[in-house]
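**Q** Add chain S to chain V, keeping to what the hints say.
Number of protein chains: 2
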Amino acid sequence: MKHNFGAGPCILPQEVFKQASEAVINFNDTGLSILEISHRSKEFEAVVAETESLIRDLLSVPQNYSILLLQGGARQQFAMAPMNLLKEGGKSAYLDTGSWASYAIKEAKNFGSVEVVASGKENNYTIIPKDYTIPTDVDYFHYTSNNTIFGTELFDIPNSPVPLVCDMSSDIMSRKIDVSKFGLIYAGAQKNIGPAGLTIVIVNNDLLGKTGRTIPSVFDYQSHINAKSMFNTPPVFSIYVAMLNLRWLRLKGGIEEIERENIVKSRTLYEEIDRNPLFRGPSAVEDRSRMNVTFVMENPELESEFLALAQKRDLVALKGHRSVGGFRASLYNALPISSVHLLVDVMQEFEENHK
Amino acid sequence: MKHNFGAGPCILPQEVFKQASEAVINFNDTGLSILEISHRSKEFEAVVAETESLIRDLLSVPQNYSILLLQGGARQQFAMAPMNLLKEGGKSAYLDTGSWASYAIKEAKNFGSVEVVASGKENNYTIIPKDYTIPTDVDYFHYTSNNTIFGTELFDIPNSPVPLVCDMSSDIMSRKIDVSKFGLIYAGAQKNIGPAGLTIVIVNNDLLGKTGRTIPSVFDYQSHINAKSMFNTPPVFSIYVAMLNLRWLRLKGGIEEIERENIVKSRTLYEEIDRNPLFRGPSAVEDRSRMNVTFVMENPELESEFLALAQKRDLVALKGHRSVGGFRASLYNALPISSVHLLVDVMQEFEENHK
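Those sequence lines, one after another, are chains V and S. The opening residue of the first sequence carries number 1 in our numbering; numbering runs sequentially from there. The opening residue of the second sequence carries number 1001 in our numbering; numbering runs sequentially from there.
What the hints contain is simulated information worked out from the structure, not anything from laboratory work. Heads up, a few of these hints could be off.
Said to hold, decoys possible - Here are the simulated lysine to aspartate or glutamate pairs, EDC-like style, with alpha carbons at most 16 Å apart: (1) V:181 <-> V:206; (2) V:319 <-> V:303; (3) S:1042 <-> S:1029; (4) V:319 <-> V:301; (5) S:1002 <-> V:29; (6) S:1018 <-> V:22; (7) S:1109 <-> S:1088; (8) V:2 <-> S:1029; (9) S:1106 <-> V:220; (10) V:106 <-> S:1220; (11) V:18 <-> S:1022.
What the hints assert, rightly or not - Covered stretches of chain S, as calculated for chain V (at least 3 residues, CB under 8 Å): (12) 1071 to 1077; (13) 1220 to 1234.
Ideal Cβ placement from N, Cα and C applies to all residues, glycine included.
In isolation and in its complexed conformation, chain V is listed as follows (with noise of 0.2 Å):
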C-alpha cells in the first residue's frame, strides 16, 4: 500500500478505484466496457445527468448557474474565460499568486488588457496579496483560490465590486464556498474531482454573450451549455470516475465533513513543521493551502536522504515541484490521515536519527 501524496494527477478513493476498475471490464452490466458504450447512450447520459447534479448540491450550485464537462485543463480556461466575458476593447483585473496566475495573466492579453492588482512575486509567491483594490470599470476580477507550486491559499473571497472568476483546479470541493459570489469557476478534475482529462466550468448564466467578439463555437460556454456538454464527444470514462467520486464525498458527509478532515489533516502536518528543527515552512502562516503543504530542510544537504527514507516507507510523490525545490505533501480529499500519521512518523524518525 503506496501513500500517494502526489499533486495532480493524484490519489482518489481505493473504492472509486475498485469501481472504475470493474467498469472498464461491464459497465452497469451492459455487457460492454465502459469504454466502449455511446456517450449518446441513455446509461452514459445517466451518468453525465448524475455528475452534474452531484456536483450542484454539493457546492450548492444556485439554478441560474450552469455546470459544464469539458476538456483541456485550466490551461484551456485561461483562454476561454476572457473570451467568454471579457468585452472586446475591454479590460479585465488579476490578482497574481504565482504560476498558474501568472500563466492566466499572460493568456488574457490576447483578448483585452490587463490589470494587476498585486502580486506575490517579490516575495517569491509565499504570501498571498492582501493590499489591493479591484477596480471598478473592468469586466471581471481573477484569482486563483489554490497555489499547488508554492503551497498557499485564499481563503477568504474577496469582496468585488465586478464578476469574480477563480481558477478553483486544485481546492475544489474541498471547503466550503459561495458559489453564488461568483460569475465564472473553473477547475481541472485531476485533484478532488476525478482523473485527468476533465475539465469543470460553474457559469452564471447571466454573464455570457456580452463581449461583441465572435467566438469559435467549441470555445463557447454558450454551445457547450446548449449542447447539455455534449458539443462534441466528452471524456467519458474521466466523467464516469468523477462521478464515483463525488458518490465517495456525498456518502462521506460531503464539503462540510470533508472540510473538517481536510483542516485535521493539514493542521497535524503543519504543527510538524513548525515543531520539527530539521523542518521549516516557506509559506506566510495566514496563507498556508491546506492541500499542498510545502515543506523544506533547513540543512538542504539532507533532503534528499529525506526523500530516501520516505519512500522506504511507501510515502510517494514527496518531492517539491521543479521550479522551487524542497518537499510538498498534497492532502487531497482521499488521503487518508493515517498517511499524514505516517509522514510525520517518518519525519520524527528522521530527526531521531540526526540527534
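**A** Okay, now just chain S, sitting in the frame of chain V:
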C-alpha cells in the same frame, strides 16, 4: 458477449480492456493506479513516448512531422486548424462531404474566407464529390476522409497544389495512408486509436508560425510541440489505453494486416446488403465506407423489428444516426469478423422470417 457495432466511442480489443482494468488498480507494478500517477512521472513519460512512437511507426510519419496528444476532439481542431494555418486575411478551401465537414467549414469562417469547392449536400451526402478544382491561392485544402453518419469514405488522397488538411477521426489506423502528402492530420481518438478524451494531431512543422495571427498559447500547436504534449495535464488514462490498443495493432501485423481484415469485413456485409432483398445501401458503391456501413430496409416499417431481433442476438448499437435513420454497422479495427458473420446470419434469418 455483446457484438458492439457502435459508431464511437467504440469497441476496443478485449485484451486492451483487461489490461486497462488492471492498470486502474495497479499500473506497471508501481502499486499505484494509472489514475493517480503524475503525468510528469518517468513511468508516464514512457507511456507518452511509446504512444507517439507507435503512431510514428504504424503510419510511417516522417521525422519533420510532430505528433501531438491533445484534447477537445475534432470539434476543437475545426477551430485550431485554421487558427494555426490560415493566414490573417487569407483563404482556405474545403470539401463538404457531410455533417462533420460542414461543422469544420462553419468554424473556419471565424478565421478567414472559406471556399467550398464542392458539396455532396444535394445528393444527401450519399456521394463524395469528385469533380472540383482546388484553388492555388488558398492556404490549405481541408477534407474529411470518412463520414460516419452517411457511410462514405474518400480513399484516394486528392492531388492538391496546397497543403492538405484532413479530419481522419473515423478511419485513421484502418488503412495505409501516405502521411507525407498531408500538411495536417487530426483525429478524435475514440474510434481506432483509443477511448474518448484524446485527440491526435500530426502536423508538418514547416507549416507553422506563418499566419501573422496571435494564437493563444493553448491553441498554438507550437506550444504543444515545445512541451512534448505536456503543455497542460494530458488525459493520462486515455493515452495509456491508446498505447495498449496501438500495441495490439502492431502485434496483429500493423496497418497492412488490419486493412486486409477491414476490406474483408466490409465486403462481407455489403455483399449481404446487396444480395438480401429486404435491405439496401444508400451510399454510392464506389464511396462506401469500410468503417461505417449504412443500410436501410426497403420496407421501413420492418426496421424496429429487425433491430429487436439483432438485439436479441446480442448485436448492439446498430441504429443509424438520428439525422438519417436506418442502420449503421460500424466495423472498426477491434470488431472481429465473427461479429460481421453473425450480423449477416441475422439478416438472413430475418429474410427467412419474412418470406
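**Q** State the violated hints by number, sorted upward, taking the hints as numbered earlier in the document.
**A** Of the numbered hints, all hold.
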